[in-house]
Amino acid sequence: MKTLLESYNFEDEVFEAFRLMNLPYLALEQVIKSMSLMEAFNLSICSPTLQHFVKYFFKNQQIKLQVHIYDGIQFRLESPNGSFISIKARDCLEDLDGCMRMKIGNASKIPFYYCDPDQNHVVTCWRDVVKGAIELNSLILDLFNIHFEKLHVWKEKINYDYGSVVGWINRMNKPIENVYFAKGTVDDTLYSQIINSENFQKCRIHQNPSENFQSQEFRFTDAHVNWQVFNAHWITLENLSDIGSACLKLYDIKFTDQEMSTFLRTLITGKFPNLEMIELRLNRRDLNLPLIMDGIVDRENVVMNWDVRVFDRFGYNTSVRGTIDVQMDTGETCSIKLYASAVYVFIWK
Amino acid sequence: MSVENAPVVDVDEAAIPVEKKMYYRFESNDKKEFRVSELAIQQSETLNRLVEAMGYTSEDVENKPAIAIENIDGKTLKLVFQWCEHHKGEAIPVDDGSVPKIVEIPEFDAKLMDIDNGLLFKLIWAADYLNIVQLLNVSCKKVANMAQGKTPAQLRRVYLLPSDEEDEAAKRAAQEAQDPRAREVEEEFEERKRQGGNSFF
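These protein sequences, in sequence, are chains Y and X. Quick note: the first sequence uses the UniProt record's numbering, first residue 1, plus one each step. Quick note: the second sequence uses the UniProt record's numbering, first residue 1, plus one each step.
Check each hint, because a few of them may be wrong.
[What the hints assert, rightly or not] Calculated lysine to any residue pairs in the SDA-like style (CA-CA distance at most 20 Å, straight line):
hint	chain 1	residue 1	chain 2	residue 2
1	X	K122	Y	K349
2	X	K171	Y	K64
3	Y	K109	X	E165
4	Y	K109	X	P162
5	Y	K103	X	G149
6	Y	K109	X	R157
7	Y	K349	Y	F311
8	Y	K64	X	S98
For the record, the hints were derived by calculation from the structure and aren't laboratory data.
Okay, chain Y solo, but in the shape it has when bound:
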């Protein structure tokens, strides 16, 4: 005879429970491995034993993680076969009556709902969005073999404590392949924490610190592999005295002609061994080109190179022509392209 637990009415259809945990190990493995990411995730939060199994069976498969931070914090997981799920932490809805609830990490009875018919998008509701994201993040990182692919932050859409967000991002301590901070004015302390993070390999920062912001100790290290900094008015020659990056694009910098010349002269000594491309865009359009190239090339015999070469590295595909090519102290050639408001340097490795 079936017990009440074994047979029940499930959305008007009578289901007979399937004794999953009584399956032989190999079959249990096949069942869990045949589940989509969402099903495996849901199963993992049913019991610590199943969490262990999901973790064990999925460990060989690298799952890409993207985190989008805006009015909530969304985790998008994608398996190599293209199946994906999205789990979002958002602030508590006013009316939670009738909402489904689940245990997530150390938090119990967290309201949640699906926001698509395929149930690939689940939204979890928290009193503190960042704490919710921390719970979800640790669960996801523990459960799956994660390759942290993207982190996108839309500061202007964040309606909760941005300081907690930055603190959490910094504490993640996991390399992230591609990071994007959308525009928005930020507190100088938080901005400083962001630029000093050594977890962002490729990073675009549109955020704006105050006009007076400075960070004398800041250097682009080899952890800052490929960075674009918009609103880089705060960058000084001292900040560029040592560069470990491979690609740098700095916009709105406030270098004088003399500073630009000094920087280029340092660059051609080969002091920055990793550097392959740097783009310096100024906040003015009156660069004195002869002055900044003084001491780098013979001004009387400048030869322009109009051959088309392609800089095809670090995700860029840039046609390079109309440059002044300079032999560096290392024997490498760098191509310098000058505009009234910008200087580009390509170092051919």
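Got chain Y sorted already, so can you dock chain X onto it with the hints?
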């Protein structure tokens, strides 16, 4: 049960080639007998090795007792052999290691597995025991599909999963089973605590 009366798995006669093929006889644990083609048996690594090891001739197959499969009942074994006959000659899939696994359930298999969960459970056990890779794949996929669109709370009911508390209790029970003294020590400790003792010793 005599060979003549044995329930034979339905086989499409037209599909059987003219040349003489060997049909092995198997007996379930409830004494039901089945005749299964040599080619169909190849789907089961366990049975294939068994018959190879036995080295039966056509005469042996007819004259010797049916090969007993002790831990599978007739109802389940019938499904297993129906599946093997339908898929005979097909290549045995090799796991490419990808997760989540992509498994398509063919129409025939879906119909075959249109059974209650109790029988499906036995079918999976049989597929595992007889090492029938593709039958295990499709039957496990059917079980995995039960999770589609279910919340964690619903999954607990679908798969009869223990609650967090039950899971913890089971773990404790398992630990105690390994170390019966643990419970006694714990009780003694609790008793001393009640009595206001500061130290266990």
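Hint check:
1. K122/X to K349/Y: Not satisfied, since the Cα-Cα distance of roughly 64 Å exceeds 20 Å.
2. K171/X to K64/Y: Answer violated: K171/X to K64/Y is near 33 Å, above 20 Å.
3. K109/Y to E165/X: holds, 14 Å
4. K109/Y to P162/X: holds, 17 Å
5. K103/Y to G149/X: holds, 17 Å
6. K109/Y to R157/X: holds, 17 Å
7. K349/Y to F311/Y: holds, 11 Å
8. K64/Y to S98/X: Holds, at about 14 Å.
In this structure, the earlier hints numbered 1 and 2 are contradicted, and the remaining ones agree with it.
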